[in-house]
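Undergrad: As a plain string of letters, each chain reads:
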Amino acid sequence: MKTTLCVIAALAAAAPAWAQQKIVRIDGSSTVYPVTEAVAEDFQKAKKQQVKVTVGISGTGGGFKKFCRGETDISNASRPILKKEMEDCRTAGIEYFELPVAFDALTVVVNPKNAFVRQLTLAELKKMWEPAAQGKVTRWNQVNAQWPDQPMKLFGPGADSGTFDYFTEAVVGKSKASRGDFTASEDDNVLVQGVSRDVNGLGYFGFAYYIENQDKLKAVPIVNEKGRAVAPSMEAVEKGTYTPLARPIFIYVSAKSLAKPEVREFVEYYLKNGAKLAREVKYVPLPESAYRVALEHVQKGKKGTVFGGAAEVGVTIDELLKREARL
Amino acid sequence: MQTPIAERLARRRARVIRERLIELVLLLAALVSVLTTVGIVYVLVKESVLFFQQVPLGKFLTDTQWTPLFDDAHFGIMVLLSGTLTSSAVALAIAIPLGTIIAIYLSEFAPFRLREVAKPFLELLGGVPTIVYGYFALLFVTPLLQRIYPELPGFNLLAAGIVMGIMIIPYVSSISEDAMRAVPMSLREGSYALGATRFQTAVKVVVPAAFSGIASAYILGISRAVGETMILAVAAGMQPNLTFNPLEPAATITAYIVQVALGDLPHGSIGYQTIFAAGLTLLVFTFLFNVAGHVLRKTFREAY
Amino acid sequence: MCGVLALAVGVLTFTALFVDMALDGFGRLSWDFFTSYPSRRPGQAGILSAWVGSTLVMLTTAVFAVPLGVATGIYLEEYAAKNWVTDLIEINITNLAGVPSIVYGLLALGLFVYQFGLGQSILTAGLTLALLILPVVIVATREAIRSIPQAIREGSYALGATQWQTVRYHILPYSSAGILTGIIIGMARAIGETAPIITIGALTFIAFLPPSPFTAGPFEWLFSPFTVMPIQMFNWTSRPEAAFHANAAAAGFVLVLMTLAMNGLAIWLRYRLRRNIKW
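Chains as they are written, first to last, in numbering that gives the first Met the number 0: chain C, 0 to 326; chain Z, 0 to 303; chain Y, 0 to 278.
So that you can see chain C by itself, here it is in the shape it has in the complex (with noise of 0.2 Å):
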């Protein structure tokens, strides 16, 4: 016990040699984390081993507080910084870049057996999901007095994730108001497993996990507010017809990171390959301009969030990057 404690003194006391190395710490979202660490592997061979980029995914909450104690130079987030977050980081002196780096489309899949589900309204959306649905709207159709009568299944992501919150806020019109009688997983392969071995399920998860598992599952097309039924895909989402359930990820950079060589060459490395290595991982690209705006604000140094600290549905790109933007 005693060589254990003089162990630990010793050891405390050399703990900041290791501060020397250049490394770019990040942490935030699961659901961003692939295309981050795309960039990071590549970034890193490009650099030839020279800089170390590490990335984490305590989730979206957890980074930002990490963010905000100035412990992680860049946070990846599914959702813009909240209020509460934005106190933290006022309070800590944390000034920040808010950065979107690619779509996230949420993709509403049936069974493919199930032949009756041609596309699917908002309206449609909100009768099956919303609080009041819970217990009483269980058959098809009740949705659809032109569907058949038969048992719904409904699969969704936990209540803690920005899935839930954007598909709520999307369909229901109120963040996190849902019904609670459906299958919730983290795991959106779990989903995916639970929609295509069940000939009436129905269930929302990212378009990544949709495209890998397209043999079992069949994508339905969403009908936008110009009256088109759109089908989830890059194109789309990338014209801006498939909206509202295309949502853009972010990753937030501390300014006084940005004053570090390295962090700031990650950046800028991001953002001009960003959408390359954004399709690889399956998830949807931004415009080529976007990505040129992004990185003006950096050199500018336009800090801040431009959603006034909560989230929003069916912002475009082209808008989010003309607002003005708040620490």
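Derived by calculation from the structure, the hints in this document are not laboratory data. None of these values were measured; they are calculated from a predicted model. Mixed in with the good hints there might be a few duds.
Unchecked claim - Covered stretches of chain Z (chain C as the covering partner; in silico rule of three or more C-beta atoms under 8 Å from a C-beta of chain C):
#1 65–76
#2 146–155
#3 237–247
All C-beta atoms in this analysis are idealised placements derived from N, C-alpha and C, irrespective of residue type, glycine included.
Start from chain C and add chains Z and Y according to the hints.
TA: Just chains Z and Y now, with coordinates in the frame of chain C:
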């Protein structure tokens, strides 16, 4: 130059000091566990206090829904507690009988070779990462159960509980077996001398004599079942559901804590604070249970 | 008979699990797999940073958990007076066994990472896991010590030994087999833990190894960022590409093998020790 007596006295004093010092060091080690509990209680209470300022304790204990992250928030802890209790009951229904039988078998009946091979093998069961068990329950056990009972939902407490029970078997069997083997042969020999069979000796003499060790093993197993996280997070579903029926999906306190701590919620929000309140409830619960267990053990312990 | 059947249940389950994982993952096992870092391309991804991280974390955990656990067990059995304070400590320990692992993670985050400033490092992970498995080690130690007949102690004292001498030369050797049981169970649990390690800041993508004690300072590696095998597995199982699932199965296979190796060492020790005890 000291006199021989003074020298001897000095040596004795040094020895006494050394013994006292060693005792102090060992006491400090024991205090580490106390400090850990203090730390845990502090962390849980600090955030729970903030939580209870916003949600009255009465509602917390009696509300029948647990939807803290939804827009219309309810905070009934009984929902999560029912999930924990049901899954633990299933797990223990498997682990305790099987574990005890295995322990008796290995300690009293099995040949030496078999014992030395079987015991490590069982301990391996406890070494499989819990997420692997979770996926095993979800992807293997549930479909298997669905063949027998087709109505079984994809997420359910039964599959998770069964796998958890199998995972806990080594806790129960290994420690029980150690306790039983430590019972001196003289007790067994006395029993054989009176004409008892091996089985009678095992069950009526050895088991009661090793009762304190076996009870420790049980209590450890129960604690493990109640505190298990990943198996339930993966295989029982994350749907808070007030039920004692293992054939339904439900969320346990532990699965809920993991879900929120690693999710996208902002830290410091009331949704986040719920995990501390839930954790505190679990702690209080296991504490009461452990006190009861402790009293029971002291009453029935055999000294020989 | 019942005993054999009961054993069979455990054996069957383990075999089913192991074979299932092996079938899925065996194809992925290759020299590259063990020596590559994680990557977005499943074919190129490997477990190098993960298994090195796991090994180092286990080493740290053992260094802290074993002395602390055994010392506590000895104190409670040999030195402590049988009063309510001791009872409280005992209840306290069994209580700790039931605390969910993620709560240890939250505690460690506040205490080791922030308060003590040890950072998100291997040292913090080792300390957290040591605290987690402490109850198991303590309970096993106590049961092992308790089972030693009083006659042995009395004989030792009769020959003039001090309390510590009795413990060191008689109690510890006889109870070492039981103590090893506790250590085995505890370490096997620790190597498979995910949630608390993520909470204190273990990474998922890390494409470099902690500095070797030969090139940097002897303790530099303790403060390095790291990842562990279960986290790598966890991340891969939740990726959409099916090829990652094969990776995850292979990683799981390797993890179980690592646990086997660790246990194997301790078990061999215990076998040697148990053979010599007859009373």
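Undergrad: Mind listing which of the numbered hints don't hold for this structure, in increasing order?
TA: none
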